[in-house]
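Asker: Work out the full structure, taking the sequences as your base and the hints as a guide.
Number of protein chains: 2
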Amino acid sequence: MPITVDHEQRRQKIAGIATDIIANKGLDGVTIRQVAAMAGFSTTIVTHYFATKRELLMYTWRAAASRTRSRVDRVFSDSPCDIQGCLEALLPINKAGIRDWKVYFAYWHVASVNSQFAKEQRYGIKLTRNIIRRVLKNMVHQDLLASKTDTLVIAKRLLIYVQGIAIQTMVNRYEWSPKKQRDFLENELGSLLH
Amino acid sequence: MPITVDHEQRRQKIAGIATDIIANKGLDGVTIRQVAAMAGFSTTIVTHYFATKRELLMYTWRAAASRTRSRVDRVFSDSPCDIQGCLEALLPINKAGIRDWKVYFAYWHVASVNSQFAKEQRYGIKLTRNIIRRVLKNMVHQDLLASKTDTLVIAKRLLIYVQGIAIQTMVNRYEWSPKKQRDFLENELGSLLH
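Residue numbers (my numbering), protein chains in the order written: chain A, 304 to 497; chain B, 304 to 497.
Hints are not guaranteed to be accurate.
For chains that are exact copies, the list does not tell them apart, and a pair is met inside one copy or across any two.
DSBU-like cross-link-like pairs, simulated, lysine-lysine; straight-line CA separation at most 35 angstroms [claimed, not checked]:
| id | residue 1 | residue 2 |
| --- | --- | --- |
| 1 | 440 | 422 |
| 2 | 328 | 482 |
| 3 | 483 | 429 |
| 4 | 440 | 398 |
| 5 | 422 | 451 |
| 6 | 316 | 429 |
No lab work stands behind these hints: they were computed from the structure.
Answerer: Take a look at the structure:
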């Protein structure tokens, strides 16, 4: 009987290993050979799913971005006007968030010298901005924000604050505790929205 | 007659080449061998100045940070209350700024997985925050800001805005023209200070 292989599961396993290498050692440590060894696969199997290191890195980046958006979506589906909660879900506020932000740092560097990754990154920023905007629109709809609010401008500013806070946190996690990140964000939201 | 060698000039030449490689190809491209070839030096000469790749990278990072601070200092010595001008000097608003920000992106990634670089980065953020704070204190002194202003808190927030704007710009330079960066900053300063 042929062995049934769950290809999507394998792809995710390989990307998960690449993520761990990036988060612990940095991009330099990611090689098809190393990933294969850690997964217990031959390099042939790995290159069946990812023909090049670049393909593997792109998939790994998309997986991190997708995980972050899923965290926001969970908050959003519970409380569609919870702007504080949705933005917190974007921050490196817990282990999963910190791991994904390490991947983002790696990709910001790659995107700054590679146009294909830069394009992907612009697309990711646009998606994230739209998620924030969706919450703001709900708030307008529920009279929690003035109807004349320019939700695009506010969403851009909020994303900039989130990215700035994330950088501070990633550089100095002792100073930027989850509580400090939340408080800082709350303060910015207070200044911006009220 | 012995040939006089300007060691500091050589060190800077080597670091300048490393900077160009980082900004054009990424950190991966930096090797002692490659840098030596581009400088027209033997690898022995390069390793005389930088025993390891890590030493070269640390020096290169410090040089970028130091160039950025020099740009701010020039604005500051001309007009010690020009907060807009000093913050603009921190942004990727011209070729020199963009080149240095490419180095920062590379180092954020390295710092996220290397404690020695992370420590250096925290120190750099503190220095930059203090430069911003110095301007704010001058503004208080000249009655341009209320005397009760918490200059540390405001400096932290401003640095976060600058880093957030820089990320947007580095990812999408077509959208984030120098004018847009300036306008955005002016708007944030308006909300925060007045």
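Asker: Indicate, hint by hint, whether the structure satisfies it.
Answerer: Hint check:
For the identical chains of this complex, residue 440 and residue 422 are intra-copy neighbours only, at 27 angstroms inside a copy versus 41 angstroms across copies, given an alpha-carbon limit of 35 angstroms. Within a single copy, residue 328 and residue 482 get their C-alpha atoms as close as 28 angstroms, which meets the 35 angstroms cut-off; across copies the closest is 38 angstroms, which misses it. For the homomeric pair residue 483 and residue 429, the shortest alpha-carbon distances inside one copy (27 angstroms) and between copies (17 angstroms) are both at most 35 angstroms. For the identical chains of this complex, residue 440 and residue 398 are intra-copy neighbours only, at 30 angstroms inside a copy versus 38 angstroms across copies, given an alpha-carbon limit of 35 angstroms.
Proximity of residue 422 and residue 451 under a CA criterion of 35 angstroms is satisfied intra-copy only: 32 angstroms inside one chain copy versus 45 angstroms between copies. Proximity of residue 316 and residue 429 under a CA criterion of 35 angstroms is satisfied intra-copy only: 28 angstroms inside one chain copy versus 39 angstroms between copies.
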